[in-house]
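> Chains as they are written, first to last, in this note's numbering: chain A, 1 to 115; chain B, 1 to 113.
A hint or two may mislead.
[To be verified] In silico EDC-like pairs for lysine to aspartate or glutamate, Cα to Cα no more than 20 Å straight-line: (1) B:Lys58 - A:Asp3; (2) B:Lys37 - A:Asp3; (3) B:Lys105 - A:Glu22; (4) B:Lys105 - A:Glu103; (5) B:Lys57 - A:Glu103.
Just so you know, the hints here were simulated from the structure itself, not pulled from any lab data.
Next come the chains, spelled out residue by residue.
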Amino acid sequence: EADIYQTPRYLVIGTGKKITLECSQTMGHDKMYWYQQDPGMELHLIHYSYGVNSTEKGDLSSESTVSRIRTEHFPLTLESARPSHTSQYLCASSESGPGGNTEAFFGQGTRLTVV
Amino acid sequence: GENVEQHPSTLSVQEGDSAVIKCTYSDSASNYFPWYKQELGKGPQLIIDIRSNVGEKKDQRIAVTLNKTAKHFSLHITETQPEDSAVYFCAASMGQAGTALIFGKGTTLSVSS
Chain A
1 EADIYQTPRY LVIGTGKKIT LECSQTMGHD KMYWYQQDPG MELHLIHYSY
51 GVNSTEKGDL SSESTVSRIR TEHFPLTLES ARPSHTSQYL CASSESGPGG
101 NTEAFFGQGT RLTVV
Chain B
1 GENVEQHPST LSVQEGDSAV IKCTYSDSAS NYFPWYKQEL GKGPQLIIDI
51 RSNVGEKKDQ RIAVTLNKTA KHFSLHITET QPEDSAVYFC AASMGQAGTA
101 LIFGKGTTLS VSS
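Hey, can you work out the whole structure from these sequences and the hints?
Written out as structure tokens, the structure reads:
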């Protein structure tokens, strides 16, 4: 069982609200990721971090921000939620090995509905 | 950046048959190729992975093959069982510290008994 936790599991919120999705891991992994996924569909990379105070944008990041102040914590913030943000958000973490990337462990996801 | 193509998008097989899912990647610098299985309501879980210095890897009924020259890799599941039904994703990433896993679009595998 992977030690990576996302809260909340489900969230229904009104348009225009600011929201923060939480993600924490206890494995000491240096890399963390946020993916957006519609049910059973492609995983779109939103943001990733390869260490404290380092973040990079993915393909789908323009309407959200992240921070990595502590190794174990990687929150995702939507400043103004819109119905188009309705989706599942998956957080993951991995450890850099001598040969590069290693297994990424995923959280259970946050299912966001914006009404 | 890296781009990963995955085929087919859906695959239906009879129990006991083999299933093959194929992926191609665009960046020749990629050197890590994992496969993930995602069941309904759960996050993806790693089932097998391969690095660019290996051509094939097996784990019981699951195998992955890699062709670096052609930039493609495949997942093979033998003796499929109904519990193999799920969405399978391939991914690729480079060795540098600052690179992320890029996923294919997924294959929905249905195994009927």
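> Regarding the pair Lys57 (chain B) and Glu103 (chain A), is the alpha-carbon distance no greater than 20 Å?
holds, 15 Å
> So if I understand the rule, the pair passes when the alpha-carbon distance is 20 Å or less; does Lys105 (chain B) with Glu22 (chain A) pass?
violated, 25 Å
> Under the criterion that the straight-line Cα-Cα distance not exceed 20 Å, is the pair Lys105 (chain B), Glu103 (chain A) satisfied?
holds, 19 Å
> For the pair supplied as a hint, Lys58 (chain B) and Asp3 (chain A), confirm whether the alpha-carbon distance does not exceed 20 Å.
violated, 26 Å
> With a cut-off of 20 Å on the C-alpha distance, tell me whether Lys37 (chain B) and Asp3 (chain A) pass.
Answer holds: Lys37 (chain B) to Asp3 (chain A) is near 18 Å, not above 20 Å.
When held up to the earlier numbered hints, the structure conflicts with 1 and 3 and fits the remainder.
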